[in-house]
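Enquirer: Given next are the chains, with one letter for each unit.
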Amino acid sequence: MAKNAAEWNAAPKFPTSHFVDSRIYTDDAIFEEEKEKLFKPTWIIACHESELPNAYDYRLFTHPAGVPLILVRGDDLKVRAFYNICPHRGNTILYDPAGNAKRMTCIFHAWSFDTRGECIEISRAEQGYQNRFCKEDASLREVKAEMGFGGFVWVNLDDSCGPLKDFIGSALGVLEPFMQEPMEVFHFNRAIVNTNYKLWHDTNSEFYHDFVHYFNRITGMLQPGYFERKYTGFANGHASVGSMSIQYDKYEGSKERAVGWPGLAPGGWYMVDLFPGMTYNLRTSVLRIDTAIPLGPNQVAIEFRGLGLKRDTPEQRAERIFDHNTIWGPFGRNLHEDLLAVHGQGRAMREGTGSRWVIHGREENSTIHDECGMRHFYAEWGRRMGRKSYDPYREGRAEPALAAA
Amino acid sequence: MEQRQQIEELIYRSCLALDDRDYKGFLALCDAGFRYKVAAYSPEIRKEMVWLDHDRKGMETLFTNLPRHNSDHAPLVRHATVYTVKVNGTQAEVVSALQVFRTALDGGATELFAVARLIDTVKLDGDAPKLASRVVRMETRQLGFGSHVPF
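So the protein sequences, as listed, match chains A and B. When we follow the working numbering, the leftmost residue of the first sequence carries the number 1, and every step to the right adds one. When we follow the working numbering, the leftmost residue of the second sequence carries the number 1, and every step to the right adds one.
Any given hint might turn out to be false.
[Stated by the list, open to error] Dumping the calculated EDC-like pairs for lysine to aspartate or glutamate here, alpha-carbon to alpha-carbon at most 16 Å: (1) B:47 x B:139; (2) B:57 x A:252; (3) B:130 x B:20; (4) B:37 x B:53; (5) A:78 x A:28; (6) B:47 x A:184; (7) B:47 x A:96; (8) B:37 x A:184; (9) A:102 x A:146.
None of these hints come from the bench; they were simulated from the model. All values derive from a computational prediction rather than experimental measurement.
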């Protein structure tokens with residue numbers, strides 16, 4: 001029988017760890033708090049080293065907390081990160097998303113900065129500032145940056161943050177053997193979807209939604225080994241999914257992934273989800289990286305990167321690109337389905353729709369259709385936010401469900 | 001019919017066929033050696049990218065598979081304008097501007113979905129001009145939740 005209002009609004013009959021209040025996906029105040037508590041003090045992937053291979057190469061990145069950043073490789077080949085904000089009148093310093101700039105000059109009043117963030121020229125400085133203000137007073141704001149875990153450039157806005165390796169812990173250990181060779185980005189695109197960033201990360205954290213993917217049903221779910229894939233949770237809210245052998249030849253028009261990946265079994269597929277919104281996805285011949293950049297409670301920009309090996313021949317690279325595009329490209333079979341699904345969630349959950357709960361209740365011994373990956377994420381979310389994801393406003397309305405369970 | 005007019009009509013018919021999701025009709029306009037590619041330049045990674053690359057067989061398979069997938073059902077309408085036609089013996093190089101509009105099924109609001117350039121090679125040695133290759137050179141790279149249907 002369909003539910004009436006009281007039944008719809010009553011907490012699900014699960015332990016409180018197994019559902020969340022859907023207002024955590026729509027509330028402005030919670031979103032602002034997430035930027036402060038989750039994103040600002042966390043290591044975030046800004047780009048890959050191959051995007052700035054030479055001295056003075058730079059890459060822009062809008063941090064999930066909203067801060068515009070410049071990643072720039074210095075003459076010492078070290079990559080540093082700075083606010084893309086001129087200390088003079090707050091203008092944008094660099095406009096193009098990538099380039100090469102020995103001097104980074106603000107077009108507004110021609111203040112110039114070097115790749116170490118030092119101001120090297122203030123136009124007509126003496127005439128205007130006399131001895132009251134000089135270049136040394138006008139440095140850029142530097143942000144912590146480290147390179148690692150496959151050659152990615154990570155940034156952290158918190159000056160007192162711990163090292164990147166402590167944040168990652170052993171979460172990427174499963175991928176370590178496959179990230180020994182230099183890699184190169186061959187694909188980048190950004191999708192903006194009207195949904196909460198956590199819903200995208202949730203989708204990367206559960207495989208029960210393989211029902212939306214014809215490709216994954218045919219090549220994975222119906223094949224041996226699929227239901228043996230297991231989730232492993234790690235400190236700081238990260239989680240990984242074990243591999244299987246994907247049967248690509250079961251999908252018409254697909255083919256055996258001949259180019260493969262060094263050390264990875266044919267058809268192999270590992271995923272690691274990193275809190276609060278990044279995913280490493282190594283599937284046979286391509287490493288895909290997702291970085292979720294929330295733009296509001298109900299809008300997210302997702303940056304997608306596809307990587308191959310730096311040593312690829314043109315033929316090998318073409319094969320990787322073909323493999324990538326079949327499922328993950330902007331016209332690929334799976335990406336559109338995933339984006340459409342989270343768009344649908346955003347549409348159903350936006351403020352005022354009456355959406356009330358989201359259930360993460362499946363238990364299958366941590367195997368592929370278990371929803372423990374999401375539960376693991378929300379346990380960390382609650383710890384960092386000081387809120388319970390099932391009762392974010394401390395209203396106590398979810399407690400009867402705990403008693404019932 | 002003038003040759004240029006025949007070539008222009010081929011380009012426009014190809015758009016109409018895809019608008020109608022008449023994939024057989026689209027392939028009927030293509031040569032046996034047809035090749036289709038979607039390409040874009042990324043200023044972010046400063047690289048040329050290929051987003052789709054199929055021969056005729058690959059396109060046939062793509063069109064066969066699409067109904068098996070979950071896709072957005074909002075119709076896409078292609079608006080092409082043929083800019084240049086360069087005839088060289090038995091083939092022509094044709095450059096067209098392309099705008100793709102998406103119309104929501106619920107309410108019918110239309111939005112610009114993408115702009116691109118069509119770079120077509122047309123074979124002229126048969127009874128009627130046929131598409132030998134098409135490169136959809138995307139200007140738009142941000143497609144929201146995207147599409148399964150090629151442009």
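Enquirer: Hint check: residue 102 of chain A vs residue 146 of chain A, CA-CA at most 16 Å. Holds or violated?
Expert: violated, 21 Å
Enquirer: Would the hint linking residue 130 of chain B and residue 20 of chain B be met if the CA-CA limit is 16 Å?
Expert: Violated: residue 130 of chain B and residue 20 of chain B sit about 19 Å apart, past 16 Å.
Enquirer: Does residue 184 of chain A lie within 16 Å of residue 37 of chain B when you go C-alpha to C-alpha?
Expert: violated, 22 Å
Enquirer: Need the status of pair residue 47 of chain B, residue 184 of chain A: alpha-carbon distance at most 16 Å?
Expert: holds, 11 Å
Enquirer: Are the Cα positions of residue 78 of chain A and residue 28 of chain A separated by 16 Å at most?
Expert: violated, 38 Å
Enquirer: Regarding the pair residue 37 of chain B and residue 53 of chain B, is the alpha-carbon distance no greater than 16 Å?
Expert: Holds, because 4 Å separates the two Cα atoms, which is no more than 16 Å.
Enquirer: Hint check: residue 57 of chain B vs residue 252 of chain A, CA-CA at most 16 Å. Holds or violated?
Expert: holds, 11 Å
Enquirer: Quickly compare the C-alpha distance for residue 47 of chain B and residue 139 of chain B to 16 Å and report which way the hint goes.
Expert: Measuring from Cα to Cα gives roughly 14 Å; hence the hint holds.
Enquirer: Holds or violated: residue 47 of chain B with residue 96 of chain A, Cα cutoff 16 Å?
Expert: holds, 14 Å
In summary, the structure is inconsistent with hints 3, 5, 8 and 9 from the numbered list given earlier, while agreeing with the others.
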